[in-house]
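**Q** Chains A and B, in that order, give the protein sequences.
Just so we're aligned, residue 1 is where the first sequence starts under my numbering, counting upward by one.
Just so we're aligned, residue 1001 is where the second sequence starts under my numbering, counting upward by one.
If you're looking for bench data, these hints aren't it; they were derived computationally from the structure.
Every residue, glycine too, gets a C-beta built ideally from N, C-alpha and C.
Please note that the accuracy of each hint is not assured.
What follows is a set of in silico ranges between Cβ atoms, one per label pair, in the way DEER data are often shown [claimed, not checked]: (1) Asp-1095/B - Leu-44/A: 25 to 35 Å; (2) Arg-120/A - Leu-1166/B: 16 to 26 Å; (3) Gly-1149/B - Ala-92/A: 32 to 42 Å; (4) Val-119/A - Arg-1096/B: 28 to 38 Å; (5) Ala-1133/B - Thr-61/A: 24 to 34 Å; (6) Gly-159/A - Leu-1166/B: 23 to 33 Å; (7) Leu-1004/B - Gln-64/A: 49 to 59 Å.
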Amino acid sequence: MISSDSVAAVATQPAHPPPTLLSLFVIWLKIGATSFGGGVATQLLIYRNFVSQRNWMTPETFAQDWAIVQFAPGINLIALAVTIGRRFGGVAGVIVSVLGMLAPAIAITIAMTALYVRVRDQPAVTGALRGITPALVGLSLAFMWRLLKGPMSALKQQGRPAFAFGVALIAIAAAMTVLGAPVLLAYLAGAVGLGLWYGLRRSPPFTPAQNEGH
Amino acid sequence: MDWLTFFLIFLKASLLSTGGRGPFPYLYTDMIAHGWATPAEFPAALTVGEISPGPNGLWVVSLGYLTGGLMGALLASVAIALPPLLVLVVAQVHDRLKSYKATKGVLDGLVLGIAGTSIIVLGNLFVVNGVNAVTIVIAVVCTALMLTGRVPTWIMIAGAAIVGMLLLQG
């Protein structure tokens, strides 16, 4: 990939030829098909392919892209494929990147689910699933706890009433869900409640950069 | 099967959430309310998502297959592929909005709302699955291990599967 004269020409800033659409597709295909182990493993593979191995992106650009995709709807890793794909190939880059990342992974996911459907009624499988379910609940609760840390410690710094207000918003969303309110409405209760709280606060304005990128 | 409604449920869940597990509360409430999914299909789909390659969020495709066969899986795939495209818009909007004090409030408040909702939805899944000493211990241990951040999730899931096979059959 790295031609000797391009390295010699710009020794201080290695200029790697940008990826073609085909190489972009092949790289995402590889990432999608080999990234067993979920989100962090996939993120690492992407970093390796675009930053450490080929220098197509600086660690800073990668970090910026990663911070932005946190705000995107849907799966963050797909949004990352979108931003990186556009960077190197515009609309076509987006399409080959998303297709490459998802096509093999989706095919394998469907095949594994079909396999599960065949054995789902066996006692060993139902038993295993009964054990996995509380594990997934625990993992999700821990994940939720980590997610809450940023917003709740920011409220804590503002004093006890702010913290109590935050806890109340969590309780309100929970109560709404118990009562059968649509999920979006419960989310909005939290967003509007705390949005008003921050918007109407008289204390010095918050620096918004503080809690991004976790 | 009303495929349009099916697709819109999946699209809404992906569009109005972020991250791989984000669609879970929407899909859990909507799909069960329509009678199209059973609670047990969710941990099955989530497990496939954990062990298959690619983003964990592909568990949604697995759920699509479990509830709607190949057609369901394809519709679910389209539903999760579209919303992340909005990242291109989000980048610009976020740049413009981040100067407002209320923006941080809205984003943080969203997390509070998600937390409150998720606690109930996860609690429901836990209860439906069966509350006993074994399931309680599994949940507590996995929460604690996950908080330490040192044990890969697949090891916890594999461990829980083995415990379940041995102690939770029948």
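**Q** Which hints, by number, does the structure contradict?
**A** Of the numbered hints, 4, 5, 6 and 7 do not hold.
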